[in-house]
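The listed protein sequences derive, respectively, from chains A and B. The opening residue of the first sequence carries number 1 in full-length UniProt numbering; numbering runs sequentially from there. The opening residue of the second sequence carries number 1 in full-length UniProt numbering; numbering runs sequentially from there.
Keep in mind that a hint or two might mislead.
What the hints assert, rightly or not - Cross-link-like lysine to any residue pairs, in silico, SDA-like; alpha carbons within 20 Å at most:
1) A:Lys27 x A:Trp98
2) A:Lys219 x B:Gly452
3) A:Lys250 x B:Asn450
4) A:Lys219 x B:Asp23
5) B:Lys421 x A:Trp98
6) A:Lys60 x B:Asp474
7) B:Lys462 x A:Trp98
8) A:Lys250 x B:Ala459
9) A:Lys250 x B:Pro461
10) A:Lys271 x B:Asp474
11) B:Lys415 x A:Arg209
12) A:Lys219 x B:Asp474
13) A:Lys219 x B:Arg32
14) B:Lys380 x A:His113
15) A:Lys27 x A:Arg209
16) B:Lys41 x B:Gln269
17) B:Lys421 x A:Lys250
18) A:Lys60 x B:Gly452
19) B:Lys462 x A:Glu249
20) A:Lys159 x A:Arg256
21) A:Lys250 x B:Lys41
22) A:Lys27 x A:His113
23) A:Lys219 x B:Gly25
24) A:Lys120 x A:Lys159
25) A:Lys120 x A:Arg88
26) A:Lys226 x A:Arg209
No wet-lab data here; the hints were simulated from the structure. Note that the coordinates shown come from a computational prediction; the quantities given were computed from them, not determined experimentally.
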Amino acid sequence: MSHQPAAAPNATRVAPPLQAPRSYPAKPSDVFLFGTCVLDLFFPDAGMDAIRLLEREGIKVHFPQAQSCCGQPAYTSGYTDEAREVARAQLALFAGEWPVVVPSGSCAGMFRHHYFELFKDEPETLRQVESLAERTFELAEFLLEVCRVKLADTGAPVKVALHTSCSARREMNTHVHGRALLAQLQGVERLDHDHESECCGFGGAFSVRMPDISGAMVKDKTAALKGSGAAEVVSADCGCLLNINGAFEKQGESLRGEHLASFLLRRTGGK
Amino acid sequence: MSNLADLPGVPIEFKRNAREALDDGQLRRNFRGAMDFLMAKRTAQFPDADELERLRAFGNRVRARALSKLPDLLERLEANLTRNGVKVHWAETVEEANAIVHSIVQAHEAKNLIKGKSMVSEEMEMNHFLGERGVDCLESDMGEFIVQLREEKPSHIIMPAIHLNAGQVASLFHDKLEVDYTEDVDRLIQIGRETLRRKFFEADIGVSGVNFAIAETGTLLLVENEGNGRMSTTVPPVHIAVTGIEKVVENLRDVVPLLSLLTRSATGQPITTYVNMISSPRKADELDGPREVHLVLLDNGRSQAFADGALRQTLNCIRCGACMNHCPVYTRIGGHAYGTVYPGPIGKIVTPHMLGLEKTRDLPTASSMCGACGEVCPVKIPIPALLRRLREEAVRAPDEGPHHMRGQGAKYSAKERMIWKAWKAVNTSPGLYRVARFAGTRLRGLMPSNIGPWTEHHAPPKPAARSLHELARDHLGDE
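Chain A on its own, in the form it takes in the complex:
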C-alpha cells in the first residue's frame, strides 16, 4: 500500500456486510434485466455490457420493453404516491420465477428494501413485493454469488479505484462484491482512496436542491479518486458515475469513471 496518500482514518474502513447473509440460488437459465432510467439514457452501453456478461454465462436475458424507473427519485423526494404507482408498473413486469438482475445498486435496493414501505398497506401486493425482493440481485452480486464467475484477465496491468454508492453499499453489500470481482483480475491492482466510504454527493435531487454542499462533496471525491494514484475509476452505480464524471469533465480532467460491467467485459476479452 505504498501508493497511498496519508489517508484519513476512515479511508479504508469498509463496513462489514450490513445485510443479513442471503442464500443464493443455483445459476438460472433465464433472468430479467432491469435497466434503470439513468442507465437507459446516459449509460446504455453499460447495460449492454451487463447483458453480454450474463449471456457469456449461458443465461438468456429478458428485457421487458415496458420497464421504466424503480420510483426512487419520487420516493426520496417525498412524493410517495407517485413513486408507488411507478413501482406498481415495474412489479407487474417482473413477476414470475426468474431472477431480476440490476446493474445499479441503489435501484436494486429499492426493489429489495423500499417497496415494502411503499406497499405496507396492501397485503395482496406485498406478496409480489416479497417475491421481487427475493429475486433481485445487484449485477456484481449476481455474477459473483449466483454465476460464480471465474474471470480471466487479458488486460495490461492497471491500477484502479472503486467507488461504491452509499445506498448500494449499505443496502446491497456492493462494496464486498465489487472488490471480490476486481480481485479476480490478475492485472488489476485496486487502490484505496481517501475517505473511500464517504458519499460522492449525488443523492439524486439533493445534487440540484443543495448544489453548494453537493458540489463540495463531489469536489472532494474527485480529488480523492485522482489522488489515489489510480489510472482508472470503476463504479457499479450510474447515479454516482453521472455525478463524478460530470464533475471531472467540468474540472477539465481526463479521468472518467467506467461502469463495472463495461470494465469487467473489457478486461476479460469480451469487447
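Given the structure of chain A, go ahead and fit chain B onto it with the hints provided.
Frame of chain A, contents of chain B only:
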C-alpha cells in the same frame, strides 16, 4: 443569523448559512480534522463488528421498550424522585420551562447560576432568558465556556467548541480573560479551570442536564469528563436538572448497555471520567450536596413525535453525536449552519418537532441519504427513513389529513406536485416513456450548456444517441 430568522415560522436560511460555511476554509479544515479524529476513536472502540451489531440491537430494544411505556415510566419517575426528595416539574413548552426555573431562582433570590453542559438548557435558551432578568448564568463545561465567551452557540452537541482550533481559543482567552497568549492546549485548559474554579463557590444555583432518568430508583444519571458536572450538581446549595421527557429508562439494568453505547459512540471512550448518579438532595447526616434538587421535564414537541409510530423512533436518541461525526454534510458545513440547537442528522429529524416544519423546511432536504448516520446510530434510529418521511410531510398539501406534524406542507408546491404527476404518467405508460426517451436521445444536441444548479459543478449531462431500450430490443428482440 439575522433577527428575522429568529422569528417563529420564518424559515432558517440554511442554504445561505451553508454557502458561507463552505467558503470558510479554516472552518472546513477544523471540522474535517475533528470528525476524522472522532470517527477513528469510535471505530477503535468497536473492533468486533458482530458485537457492535448485537449491542446496537440491544440498545434499540431498550429504548423502544422505554418509549412503549413512556407515560407510565414518567409517572414512576416522578413518584420515586418525589419520594427521594427531588421536586419534579413538568413543562410543555420552553417558555414554561424557563418560567419554572425563574420561579426557583426568585424563591432563592439567586443572582449567579453555574451550569454543567445541558443541550435542553440550550433548547430553552436559558442563559438568554435569565440574563434578561438580571441573573448571570456561567457555563462551566470548557467547550460551552468557550462558546459563551465568543457569544456563540454550540456547534456540536457533545463538543460545543469543535469548530475552533487552539489558536482561535488562545486569541479568545487572551482578549477576554486578559492572559498571555498561548496555544498550549494544556495551559489553555488550566486557564479555563482556574477561572471557573472560584465561580462554583460563588454560585447560588447549579444547573445540569441529564443523560438517563431512571424510573425504578428515581435517579438522574449524568456523564462528563471534566468534573464540572459533579461540581455544578454538588457545590451550590440548589441543583436544577433540566431534561427532555424521552430520557427516562425503566431501571438501572437498562442503563448498562446504553451507557456503554453512548460513551463509545460519542467520544470513543469505554466510560467517561465521571458518571454521576443523583437520587436525592443532601440527607440529614450528609456533609455536602445541595439542599434542594429540582428536575424540569420538558416536552417541546416530543409528544408530537411520540404520537406517530415511525416518527417516535426519533426519541430513541441518547445524544451521542455519532451521526454528525460521520455525516458528510455536517463535516463540510459545521453545526452553526443548521441554525438550530441540535445540528447534523439528529437535528434534522428532531428539530422539526420542536420548531415546526415551516421554520425547518430545508433541513430534511439537506441530505444525500447516504445512510452513514443510520449505520452508526447506537440505538438504530433509521435516520434516512425518517428524513424521507419528513420530506413527505413537507410536500403534502397543508390541508390534507391526517395531520402528523406542525407545519405540514411547508414545501408544498402545486407546480412541483404537477411535475411529479407528469413524471408518474411517463413512467407508468410505456408509450409516453418511449416518446420521452426518444426526445432525450434524439434531441440531445439541444441540451443547454447551463441547466441551473447542476452545471455549477458539472458539465451538462449528455444522453446517449440510442437508449438501452433500443439497444436491448435490437439485441434481444421485443418483449
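The hints, checked one at a time:
1. For the proposed pair lysine 27 (chain A) and tryptophan 98 (chain A), the alpha carbon gap of about 11 Å is at most 20 Å, so the pair holds.
2. Distance hint between lysine 219 (chain A) and glycine 452 (chain B) is fulfilled; the C-alpha atoms sit about 18 Å from each other, no more than 20 Å.
3. Under the criterion of a C-alpha separation no larger than 20 Å, the hint pairing lysine 250 (chain A) with asparagine 450 (chain B) is consistent with the structure, at around 12 Å.
4. For the given pair, lysine 219 (chain A) sits about 13 Å from aspartate 23 (chain B) by alpha-carbon distance, which is consistent with the 20 Å threshold.
5. Among the hinted pairs, lysine 421 (chain B) with tryptophan 98 (chain A) is inconsistent with the structure: their alpha-carbon atoms are about 31 Å apart, more than 20 Å.
6. At roughly 15 Å between alpha-carbon atoms, lysine 60 (chain A) and aspartate 474 (chain B) fall within 20 Å of each other, so this suggested pair holds.
7. Of the pairs offered as hints, the one joining lysine 462 (chain B) and tryptophan 98 (chain A) is violated, with about 33 Å between alpha carbons and a cut-off of 20 Å exceeded.
8. A distance of roughly 5 Å separates the Cα atoms of lysine 250 (chain A) and alanine 459 (chain B); the hinted pair therefore holds under the 20 Å criterion.
9. Taking the CA atoms of lysine 250 (chain A) and proline 461 (chain B), the gap is about 11 Å. The hint holds against a cut of 20 Å.
10. Proximity of lysine 271 (chain A) to aspartate 474 (chain B) is assessed by CA-CA distance (about 18 Å); at most 20 Å being required, the pair is judged to hold.
11. The hinted pair formed by lysine 415 (chain B) and arginine 209 (chain A) meets the criterion: a straight-line CA distance of about 16 Å does not exceed 20 Å.
12. For a cut-off of 20 Å, the pair hint linking lysine 219 (chain A) to aspartate 474 (chain B) is broken: about 39 Å separates their Cα positions.
13. Taking the CA atoms of lysine 219 (chain A) and arginine 32 (chain B), the gap is near 14 Å; set against the 20 Å cutoff, the hint holds.
14. In summary, the hint linking lysine 380 (chain B) to histidine 113 (chain A) is supported, as the alpha carbons are separated by about 17 Å, within the 20 Å threshold.
15. For the hint pairing lysine 27 (chain A) with arginine 209 (chain A), the CA-to-CA distance comes to about 42 Å; that exceeds 20 Å, so the pair is violated.
16. For the proposed pair lysine 41 (chain B) and glutamine 269 (chain B), the alpha carbon gap of about 8 Å is at most 20 Å, so the pair holds.
17. Our distance criterion of 20 Å between C-alpha atoms is broken by lysine 421 (chain B) and lysine 250 (chain A), whose separation comes to about 32 Å.
18. Distance restraint check for lysine 60 (chain A) and glycine 452 (chain B): the Cα-Cα separation of roughly 42 Å exceeds the 20 Å cut-off, and the hinted pair is therefore not satisfied.
19. The hinted pair formed by lysine 462 (chain B) and glutamate 249 (chain A) meets the criterion: a straight-line CA distance of about 11 Å does not exceed 20 Å.
20. For the hint pairing lysine 159 (chain A) with arginine 256 (chain A), the CA-to-CA distance comes to about 14 Å; that is within 20 Å, so the pair holds.
21. Note on lysine 250 (chain A) and lysine 41 (chain B): the hinted pairing is violated, with a Cα-Cα distance of about 37 Å set against a maximum of 20 Å.
22. Taking the CA atoms of lysine 27 (chain A) and histidine 113 (chain A), the gap is about 23 Å. The hint is violated against a cut of 20 Å.
23. For the hint linking lysine 219 (chain A) to glycine 25 (chain B), the alpha-carbon distance of about 14 Å falls within 20 Å, and the restraint holds.
24. At most 20 Å may separate the alpha-carbon atoms for a hinted pair to count; lysine 120 (chain A) and lysine 159 (chain A) exceed this at roughly 45 Å.
25. Taking the CA atoms of lysine 120 (chain A) and arginine 88 (chain A), the gap is about 13 Å. The hint holds against a cut of 20 Å.
26. Simply put, lysine 226 (chain A) and arginine 209 (chain A) have alpha-carbon atoms about 26 Å apart, too far for the 20 Å limit, and the pair is violated.
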